[in-house]
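**Q** Residues per chain, in single letters:
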Amino acid sequence: MTTAVSFQNVSRHFGSVRAVDEVSLDIAEGEFFAMLGPSGSGKTTCLRLIAGFEQPTSGHIEIFGATAEGVPPYRRNVNTVFQDYALFPHMTVLDNVGYGLMVKGVAKAQRDAKAEDALALVALPGFGQRRPSQLSGGQRQRVALARALVNEPKVLLLDEPLGALDLKLREQMQVELKALQRNLGITFVFVTHDQGEALSMADRVAIFNQGLIVQVGTPEDIYERPQTRFVADFVGSSNVLPPAFTKAAGGPERWASLRPEKIMLLRGSMSSPHKEMNARVTVKAVHYQGASTRLNTVTADGTAINVTAPSSLGKFAEGEELTLHWPASALHIMESEG
Amino acid sequence: MTDSSGVTRRVSDALFRHPLWLLVLLLLPPLLWLGVIYLGSLLALLLHSFYSIDEFSGLIVYEFSLSTYAELLRLSNMDVIIRSLMMAIAVTLGCAAMAFPISYYAARYAKGKWKALFYLLVMLPLWSSYLVKVYAWKLILAKEGIVSWVAEQVHLTWALDALLSIPVVGGPSLSISYIGTFLVFCYVWLPYMILPTQAALERVPGNLIEASADLGANPGQTFRTVILPLALPGLIAGSIFTFSLTLGDYIIPQIIGNSSYFLGQAVYTLQGTAGNIPLAAAFTVVPIVIMLIYLSIAKRMGAFDAL
Amino acid sequence: MRSDGTRPAPMFLKLAAFGGLLFLHVPLLLIFLYAFTTEEKSYQFPPPGLTLKWFSVVWGRQDIWDAMWLSVKVASIATLIALVLGTCAAAAVSRARFFGRDYLSLLFILPIALPGIITGISLRSAFSMMDIPFSTWTIVLGHATFCIVVVYNNALARFRRTSGSMIEASMDLGADGFQTFRHVVLPQIGSALLAGGMLAFALSFDEVIVTTFTAGQQSTLPIWMLNELIRPRQRPVTNVVAIFVVAVTFIPILAAYYLTREGEHTGGAGK
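Residue numbers (numbering that gives the first Met the number 0), protein chains in the order written: chain L, 0 to 337; chain Z, 0 to 306; chain X, 0 to 270.
Hints in this document: simulated from the structure, not taken from any laboratory. Treat the hints with caution; some may be incorrect.
Stated by the list, open to error - Derived lysine-lysine pairs resembling BS3-like cross-links, with alpha carbons at most 30 Å apart:
| no. | chain 1 | residue 1 | chain 2 | residue 2 |
| --- | --- | --- | --- | --- |
| 1 | X | Lys72 | Z | Lys142 |
| 2 | Z | Lys142 | X | Lys40 |
| 3 | X | Lys13 | Z | Lys114 |
| 4 | Z | Lys132 | Z | Lys142 |
| 5 | Z | Lys112 | Z | Lys132 |
| 6 | L | Lys177 | L | Lys103 |
| 7 | X | Lys52 | Z | Lys112 |
| 8 | Z | Lys137 | X | Lys40 |
| 9 | Z | Lys110 | X | Lys13 |
| 10 | L | Lys314 | L | Lys283 |
| 11 | Z | Lys110 | X | Lys40 |
| 12 | X | Lys13 | Z | Lys132 |
| 13 | L | Lys177 | L | Lys153 |
| 14 | L | Lys283 | L | Lys261 |
| 15 | Z | Lys112 | X | Lys40 |
| 16 | X | Lys52 | Z | Lys132 |
| 17 | X | Lys13 | X | Lys40 |
| 18 | X | Lys52 | Z | Lys137 |
| 19 | L | Lys177 | L | Lys113 |
| 20 | X | Lys40 | Z | Lys132 |
| 21 | L | Lys167 | L | Lys177 |
| 22 | L | Lys261 | L | Lys314 |
Given only the sequences and the hints, what does the whole structure look like? Please build it.
**A** This is the structure we're talking about:
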């Protein structure tokens with residue numbers, strides 16, 4: 000498989016701030032790749048390095064085998080969907096979409112036809128004569144997508160493109176984007192701070208923290224087998240258990256993660272079927288969430304454990320004593336301390 | 000990748016690889032103009048204030064000396080400085096008093112179309128011809144002008160005469176008195192006070208005033224303890240203009256006022272007919288220093304945010 | 000501000016506010032009235048009679064035409080220079096962060112922060128030191144200095160409101176620096192530049208303080224008016240010229256107001 004984007008020890012420093020620090024990364028052609036991390040973790044800077052808006056302080060970037068350093072954005076076969084969409088307010092939707100073709104010198108008739116096609120692709124046929132200000136947030140987002148896709152880029156960069164949309168629209172766009180990427184076969188690089196978005200759409204996910212990539216893998220890898228405490232906590236708010244606890248619960252003396260939804264619980268003094276993997280806890284707080292209830296509990300030695308329990312188990316009270324138990328396979332021993 | 004021919008593309012590439020060149024290219028022309036021509040002449044002028052004039056030949060002696068500044072401290076020259084300062088203070092206070100109700104009304108009560116109209120009605124006199132405005136007041140204040148006529152119609156000539164007979168500020172007619180000079184200064188600089196004051200008042204949230212009333216303050220207390228402190232940065236920002244403009248003006252006191260000199264006139268006469276550039280330069284240092292002190296006080300009071 | 004606006008304003012506030020506005024506008028209206036008076040030796044009120052003859056007198060006066068032509072010429076050139084230099088300066092200050100940027104933006108507003116007389120006398124002594132004779136260009140030099148500030152302020156405000164990602168989007172879509180300037184930047188700042196240019200023209204057309212120092216024996220329209228004010232000959236003629244000056248400055252100011260209305264205001268710029 001061809002490598003679409005390759006980072007080799009890439010750093011980008013702003014003064015003393017290391018926005019991106021010695022990152023190495025390969026994104027394959029045709030891949031839907033997500034960059035996930037909290038704000039300020041360096042994911043957007045990585046995207047801007049691919050687009051050409053930033054230049055690396057050190058290291059080497061290749062796009063389809065060609066050196067990218069010093070190549071201006073307008074000479075890269077890469078297009079971006081901006082977080083604020085960055086539509087040109089003084090142009091119609093059609094002229095916005097046709098902009099890339101216009102500056103390349105494509106004749107007006109051909110340009111308009113292609114722009115109409117692109118608008119049809121994003122389910123906005125016939126919107127060409129409107130102004131961006133006359134569109135809703137979701138429609139603007141689609142125009143921004145069409146404007147990028149009309150140039151037939153080899154890599155499409157999306158910077159938190161769904162961040163400004165409401166929940167329902169966001170879920171719909173997730174499905175559409177995924178389908179679009181499959182049909183077009185273009186490499187998508189997608190930046191987000193929403194782990195649900197990254198896990199549901201991407202083929203592979205890179206987790207960023209403080210300018211570093213802390214883990215790259217498939218969504219299953221990331222969710223089931225977090226390599227560091229940061230990943231375990233950031234992706235799906237896993238319980239991070241200290242070595243002493245892991246040992247007492249029957250595992251090796253190592254840091255481990257345990258998903259709240261994999262924990263079962265017994266009320267009162269019933270005994271557990273998983274004799275080796277259990278813990279006695281006291282309920283500290285109860286968060287009713289509809290179908291499920293989230294419990295913050297704590298063991299006698301002070302380890303906090305969050306549990307997601309089906310609401311069908313009935314009401315829980317603060318101070319109630321519970322026995323938690325889980326299958327040995329649910330406990331994930333982490334490779335690194337980080 | 001895309002077409003790499005074309006001179007503009009290659010220039011664009013070069014500027015992309017060297018963003019500093021672009022910055023230099025953009026900054027060089029305005030910097031040459033303002034930095035060299037404007038700042039250069041300003042510094043050359045200030046340098047002149049350290050030279051002196053030979054009393055017998057009337058020629059400039061190009062040697063460093065503080066004698067020009069010593070001359071500045073002479074009674075007759077100090078008189079001019081103090082007179083200008085007093086006028087600047089009076090005009091600033093007068094403008095503030097007149098600007099506040101207009102700004103307050105525009106910020107709190109005018110809405111939609113009316114607000115736009117209000118703004119325009121303040122903007123137009125601000126930008127319209129300075130000389131025309133001064134000239135209009137010559138018509139109004141002249142001995143045979145409108146004020147005298149109105150006073151006569153309503154049988155208040157005695158009041159006007161009483162006003163004009165006040166020592167120092169009075170005179171033979173309004174157009175030849177300090178009162179006249181003061182009025183015209185206030186008129187010409189008033190919009191400069193209204194705009195920043197209105198901007199500052201716009202930023203006072205209405206619920207703050209309600210909160211004050213809710214806590215039992217009467218309107219007077221609310222005004223003193225809530226509205227005035229919040230409007231103060233705007234008033235000070237406006238006063239920067241009224242103060243600076245009054246100090247530097249030499250045309251208004253020349254056309255409307257008795258013939259005593261103000262700073263601007265002194266500078267104008269000294270550099271012109273008297274040919275005493277060093278003393279003229281020393282005189283210009285006075286408003287610069289006063290304005291620098293004034294600006295640093297204003298900055299500390301947060302007036303720059305209201306500009 | 001808005002929550003209690005339904006309550007009517009107190010009477011004294013209304014009176015003070017509208018009184019203030021009247022104070023600002025009545026004197027300008029009087030200029031119009033006096034242009035029609037038959038009395039030419041004094042400012043007698045009310046005018047003893049009304050006439051239109053002063054308009055034809057102005058029409059026939061070559062000195063007024065000469066002064067007007069000089070004013071138009073100076074204002075046009077100064078505005079053109081200001082448009083180029085002011086836009087360059089605003090682009091640099093708004094886009095890039097560099098050492099000394101704050102001092103630079105201070106330098107760019109200095110010509111209006113300091114009294115005009117200081118600009119005037121500085122330029123005059125510089126001209127005499129370097130033996131530069133007075134000409135149209137010496138007047139332009141002085142005017143452009145404060146016109147730059149007006150354009151700079153307008154352009155800077157617009158640059159700050161224009162999203163930076165728009166320029167990146169253009170480059171991303173394949174447009175080089177020049178294409179981006181032509182198709183994206185210029186349409187974005189165009190109306191601000193037009194407004195700034197119009198204000199600069201109005202300011203230059205009306206300027207008298209700096210001009211008295213840089214004009215020598217030449218006479219712009221405001222200089223002509225100043226001379227008439229100090230040594231009046233036919234007083235109503237001055238009024239006719241004043242009406243003309245008001246018209247020439249009001250129109251661009253109104254136009255500039257409507258061009259920048261959607262954004263922030265352009266006021267606060269001194270002379």
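**Q** Would you mind marking each hint as holding or not holding in the structure?
**A** Hint check results:
no. : hint                  : in the structure
1   : X:Lys72 <-> Z:Lys142  : violated, 38 Å
2   : Z:Lys142 <-> X:Lys40  : holds, 13 Å
3   : X:Lys13 <-> Z:Lys114  : holds, 14 Å
4   : Z:Lys132 <-> Z:Lys142 : holds, 18 Å
5   : Z:Lys112 <-> Z:Lys132 : holds, 27 Å
6   : L:Lys177 <-> L:Lys103 : holds, 29 Å
7   : X:Lys52 <-> Z:Lys112  : violated, 39 Å
8   : Z:Lys137 <-> X:Lys40  : holds, 14 Å
9   : Z:Lys110 <-> X:Lys13  : holds, 14 Å
10  : L:Lys314 <-> L:Lys283 : holds, 14 Å
11  : Z:Lys110 <-> X:Lys40  : violated, 46 Å
12  : X:Lys13 <-> Z:Lys132  : holds, 25 Å
13  : L:Lys177 <-> L:Lys153 : holds, 16 Å
14  : L:Lys283 <-> L:Lys261 : holds, 19 Å
15  : Z:Lys112 <-> X:Lys40  : violated, 43 Å
16  : X:Lys52 <-> Z:Lys132  : holds, 23 Å
17  : X:Lys13 <-> X:Lys40   : violated, 39 Å
18  : X:Lys52 <-> Z:Lys137  : holds, 22 Å
19  : L:Lys177 <-> L:Lys113 : holds, 22 Å
20  : X:Lys40 <-> Z:Lys132  : holds, 20 Å
21  : L:Lys167 <-> L:Lys177 : holds, 16 Å
22  : L:Lys261 <-> L:Lys314 : holds, 19 Å
This entry does not satisfy hints 1, 7, 11, 15, 17, going by the numbered hints stated previously.
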